[in-house]
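Protein chains in written order, with this note's numbering: chain A, 2 to 243; chain B, 98 to 282.
Think of the hints as simulated: they come from the structure by calculation, not from any bench.
Do not take every clue at face value.
Computed footprint of chain B on chain A; a stretch qualifies when at least three of its residues, placed anywhere within it, have a C-beta under 8 angstroms from a C-beta of chain B [as the list claims (entries may be wrong)]:
no., region
1, 48-59
2, 143-155
Ranges of calculated distance between the beta carbons of each label pair, as one might list FRET restraints [what the hints assert, rightly or not]:
no., chain 1, residue 1, chain 2, residue 2, range
3, A, Gly24, B, Met280, 27 to 35 angstroms
4, A, Arg59, B, Asp186, 19 to 27 angstroms
5, A, Ala35, B, Met280, 22 to 30 angstroms
6, A, Asp5, B, Gln220, 52 to 60 angstroms
7, B, Gln144, A, Ala73, 15 to 23 angstroms
8, A, Leu9, B, Gln281, 42 to 50 angstroms
9, B, Ser166, A, Gln166, 21 to 29 angstroms
10, A, Ser149, B, Met280, 39 to 47 angstroms
11, A, Leu34, B, Ala274, 19 to 27 angstroms
12, A, Ala188, B, Ser166, 17 to 25 angstroms
13, B, Arg169, A, Arg161, 54 to 62 angstroms
14, B, Arg160, A, Ala221, 18 to 26 angstroms
15, A, Arg32, B, His161, 15 to 23 angstroms
Even glycine gets a Cβ: it sits at the ideal position worked out from N, Cα and C.
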Amino acid sequence: MRYDNPALRDMLAGEYVLGTLRGRARDRFQRLLATDKRLHTLVHAWQERFAPLAEETRAVTPPARVFLAIKARIEAAPAPAEPMWWQRLGFWHAVSASALVLVVTLSVLLGNVMLRPGAVPAGPNYVALLQDDAARPALMLTAYNKPSWHVDVEMLAERRVEPGQTLQVWAVARDTGATQPLIMLAADRAQRIALSEAAWKLVKGAEFLIVTLEPAASPAREPSGPTLYRGYCVNLKGLSAS
Amino acid sequence: MSAEPAKQTLEHYLARCALGDRAAFAALYRASSAKLFGVLLRILKQQAWAEEALQETYLKAWRHASGYSPARGAAMTWLINIARNQAFDILRRTEYRAGEDLDSVTDTLFATGVDPEAQAETQRALVLLQRCLERLSVDQRQSLLLAYHEGLGPTELAARAQRPLATIKTWLRRGLAQVRECMQT
């Protein structure tokens, strides 16, 4: 079969997506697809054309055992080829424009976290990289449940804080969107802060973390100033069906 | 000020899966697995195979989440394509065909639990596609729909229609060409 005729290529792409390209022809097409970017584009166009048909198909809830099996396979010993969890953070590009900065920053910083003498040998349970309005990394928090609940804070950008003021970290809940105070930070240094059980729950339930500037004397109940930094709170370990 | 709750979309869950966020993966599964399972059951007919295909689909989605980019289309389309490929791999492996229930072809129940905006977009796309399919001959349209929904190959379509294989292939190709042309305009 010839794969250099444009009309034929598009027709094969259509048949592939439709499912009528079968047997060895399908295998050959798939091998070609792996290296041929323009063929991929044709396939993608056909997928988009037909996707509404699949979307209107009646949904059927799968039995719970399917998710349990998936979970068991994901949690089984990762293959050696699988990247370390912090290398996967390089794929932040899907949610952020300043990908390169983040990749480099996270790799270096998290590499340090992992290698630092006395550091907890296991990786963190949660990580949040907070950025300023211009998407520059400003602050990184890594939360651990061992040996006890705590969060490590790395300041990535200098921030002048007037006397009498403090940086307040807030957790924004995934379910309700409620903003609740989490911890207060010193602006000028890396620090480790112990978390109460209630605070740990806030981290667990957080969609993202934000930082505002607040008066140091009276702990704020809700943010009184504009959000300085914001970042997703990413769960690196939990996987539950419920 | 109070921060707005984030809009939870499949795109968002996939982006977090790419970061290794397992809670987001569980959420992605909850939000999309019934739709994919429906698609798989319809093609594979057998519960056990559909379950196997669903497992493989989500393992792939987890491992390749970083390969998904919102710029290239909706997350549901991306997931559906993984699932359909998985189904055809199983068909290829087994060469099995269950006794299909043809009546199900016309059944077009709409699923719930989808973000309304995305659903509206889907509805517009569906109307456009259906308008184009209506312009085909009945034979062409039925062939395309049976192939897409029920996973029938050309040989099976020929047996079903009691027409030569070459005729079926012509229907399919002309049908595809017309759909493409119609959807460009």
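* **Enumerated hints in conflict with the structure, sorted upward** => 2, 6, 8, 9, 10, 12, 13, 14
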